[in-house]
Amino acid sequence: MALSTDDVRHVAKLARLALSDDEVEGLRSQLSDILAYAEQVSAAATGDVPPTSHAYPLANVFREDVPRPSLSPQEAISTAPEAEDGRFRVPKIVGAE
Amino acid sequence: MSELAGRSAAELAALLAGGEVSAREVTQAHLGRIRATDERVGAFLRVLDADALAHADDIDRRRAAGEALGPLAGVPLALKDILCTKGVETTCASKILETFRPPYDATVVRRLRDADVVVLGKTNMDEFAMGSSTENSAFQRTANPWDLGRVPGGSSGGSSAAVAAFQAPLAIGTDTGGSIRQPAAFCGVVGVKPTYGLVSRYGLIAFASSLDQVGPFARTVTDAALLLGAIAGHDPLDSTSIPEAAPDVVGGLERGVEGLRVGVVREFMAEGMDPGVRARVDEALSRLEKLGATLVDVSLPNAGYGIAAYYLIAPSEASSNLSRYDGVRYGLRVPGETTEEMMARTRDAGFGPEVKRRIMIGTYALSAGYYDAYYAQAQRVRTLIIRDFDQAYAQCDVLVGPTTPSTAFGFGDKTDDPLAMYLNDVYTVPSNLAGAPAMSLPVGLDEQGLPVGLQIMAPILGEAVMLRAARALEADLAFDPAPRGTNALEGVQA
Numbered sequence: 011m012a013l014s015t016d017d018v019r020h021v022a023k024l025a026r027l028a029l030s031d032d033e034v035e036g037l038r039s040q041l042s043d044i045l046a047y048a049e050q051v052s053a054a055a056t057g058d059v060p061p062t063s064h065a066y067p068l069a070n071v072f073r074e075d076v077p078r079p080s081l082s083p084q085e086a087i088s089t090a091p092e093a094e095d096g097r098f099r100v101p102k103i104v105g106a107e
Numbered sequence: 009m010s011e012l013a014g015r016s017a018a019e020l021a022a023l024l025a026g027g028e029v030s031a032r033e034v035t036q037a038h039l040g041r042i043r044a045t046d047e048r049v050g051a052f053l054r055v056l057d058a059d060a061l062a063h064a065d066d067i068d069r070r071r072a073a074g075e076a077l078g079p080l081a082g083v084p085l086a087l088k089d090i091l092c093t094k095g096v097e098t099t100c101a102s103k104i105l106e107t108f109r110p111p112y113d114a115t116v117v118r119r120l121r122d123a124d125v126v127v128l129g130k131t132n133m134d135e136f137a138m139g140s141s142t143e144n145s146a147f148q149r150t151a152n153p154w155d156l157g158r159v160p161g162g163s164s165g166g167s168s169a170a171v172a173a174f175q176a177p178l179a180i181g182t183d184t185g186g187s188i189r190q191p192a193a194f195c196g197v198v199g200v201k202p203t204y205g206l207v208s209r210y211g212l213i214a215f216a217s218s219l220d221q222v223g224p225f226a227r228t229v230t231d232a233a234l235l236l237g238a239i240a241g242h243d244p245l246d247s248t249s250i251p252e253a254a255p256d257v258v259g260g261l262e263r264g265v266e267g268l269r270v271g272v273v274r275e276f277m278a279e280g281m282d283p284g285v286r287a288r289v290d291e292a293l294s295r296l297e298k299l300g301a302t303l304v305d306v307s308l309p310n311a312g313y314g315i316a317a318y319y320l321i322a323p324s325e326a327s328s329n330l331s332r333y334d335g336v337r338y339g340l341r342v343p344g345e346t347t348e349e350m351m352a353r354t355r356d357a358g359f360g361p362e363v364k365r366r367i368m369i370g371t372y373a374l375s376a377g378y379y380d381a382y383y384a385q386a387q388r389v390r391t392l393i394i395r396d397f398d399q400a401y402a403q404c405d406v407l408v409g410p411t412t413p414s415t416a417f418g419f420g421d422k423t424d425d426p427l428a429m430y431l432n433d434v435y436t437v438p439s440n441l442a443g444a445p446a447m448s449l450p451v452g453l454d455e456q457g458l459p460v461g462l463q464i465m466a467p468i469l470g471e472a473v474m475l476r477a478a479r480a481l482e483a484d485l486a487f488d489p490a491p492r493g494t495n496a497l498e499g500v501q502a
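Those sequence lines, one after another, are chains P and D.
Counting in the numbering used here, the first sequence runs from 11 upward without gaps.
Counting in the numbering used here, the second sequence runs from 9 upward without gaps.
Calculated directly from the structure, the hints in this document are not laboratory data.
The structure displayed is predicted, hence computed values, not measured ones.
Accuracy of the hints is not assured; some may be wrong.
Stated by the list, open to error - Here are the simulated DMTMM-like pairs of lysine to aspartate or glutamate, each with C-alpha atoms no more than 25 Å apart in a straight line:
1) P/K102 - D/D282
2) D/K103 - D/D356
3) D/K422 - D/D282
4) P/K23 - D/E349
Make the full structure from the sequences, and use the hints.
Next up, the structure:
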């Protein structure tokens, strides 16, 4: 699986990583190698083998819907790089593109 | 009292319970050892002197007042910097979390506190637990106490080095693909990855959620079992936590291996292993046989696909988990004109090369058109590996093989070749994919004087039999965990 520079830039955009040109070039060859190695999974299992997402299967883990103590809004927001009026503050979103 | 740093957790617990030493003395001895050695080892990102001594004093006060305390009360521990500690920096060795002070404690941290285990500080690691040498830490390098020019393994390299350096008798690590067992093997200590779901992941900073598990490091099997007992058990705050009482892992430790069926994994013994590792593993197997165990030849035919499956599943889950580091709710923010630009700049500046690499692999593997070929296919291989283990355990009680293909390597030896670094995990990832317990036990030194680890694996919730086998072999081999050799850290002063 040889990736192109455009492939890498597309994936970086999906992953929200503002990679430098050097990083893009380095990742292009590294990802190609790693994915070429990983491709052996395609030969290992046929489509009739069910996939496993969790090794210890637990389904429908419920609890009673009762109020319990949790972080206060102040505590929850205490780690934010920027906050205002008890809310997370971010640069403009609308009209970004 | 510096010889206190040479003691096991069980010995310290007995001295503390008998009133022969105070928790303050034990804590001070270990803090002293850290001060004397950590400039060269680099195990700790942060030493919590004041908190540790205050906790120790509180324990001493309560003991003097006749309060009932837990079996590990007053015993010091080193905590991997991946578990949230309320109000105390929790960085995952990443610049993106350099100033993060969580508003809550992880369940494991709370359980340690309830058990009155004294947390000495937070240990170095590969950034976000991605790596096999601790060289991916954004902050510092950690040296192997057996040879200060070599890596301690990773990702829990700070925790394994702290225990090997006698800075703490106990440490907590996490294991997603071998991150407890591999550094334990490299540093000559005991490291246990429990059954997935046995130890709560609440407050554990997520890497690959279907694989991550918290577990103990110690210099003895008994100490590791005691620590596992203190942290295991159901937690309603973790929906993947096993909703049953944790098995007793301490009671049967001394029962020996008479009649135990030990499966030797053919594929792990076949190729790729250094001769020095093979010699010690072969020796350990023959000792197990002499102790009354029956060796059985077993096969895990799909284990060879483990690395390929792992390096699709783990990065895929990581790419999703690490999307939360967006410069909004916590951690680093690099300004940008728009929110999207701010996020992309923050993530480029905050993540190191290996983390970016894995986010990119995972994003690619999950992206439109590739999901079936990569992620879904890797999950099918996961099923095949689980079936292999099931068949093997129809013939035996535990499985054994090497923990790692080689002993500790030098700084920089594998940093230019990510794939070569990944292949370090060839023997450890199958147990993560199967969710089953596995551990590394030091079984001797190779011809360079570096520790060799034997991996012992067991079926899901088979910790008791796994640790019993390890304890029997440990008693027989009498491995001395004190680092020695021309470039080793000096021993504890008597």
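Each hint, compared with the structure:
Between the alpha carbons of P/K102 and D/D282 the distance comes to roughly 57 Å, so the proposed pair goes past 25 Å and is violated. Taken as a hint, the D/K103 and D/D356 pair is honoured in the structure, with Cα atoms around 11 Å apart against an allowance of 25 Å. A threshold of 25 Å between alpha carbons decides the hint, and for D/K422 with D/D282 the separation of about 16 Å falls inside it, so the pair holds. Distance check on the hinted pair: P/K23 and D/E349 sit about 10 Å apart at the alpha-carbon level, within 25 Å; holds.
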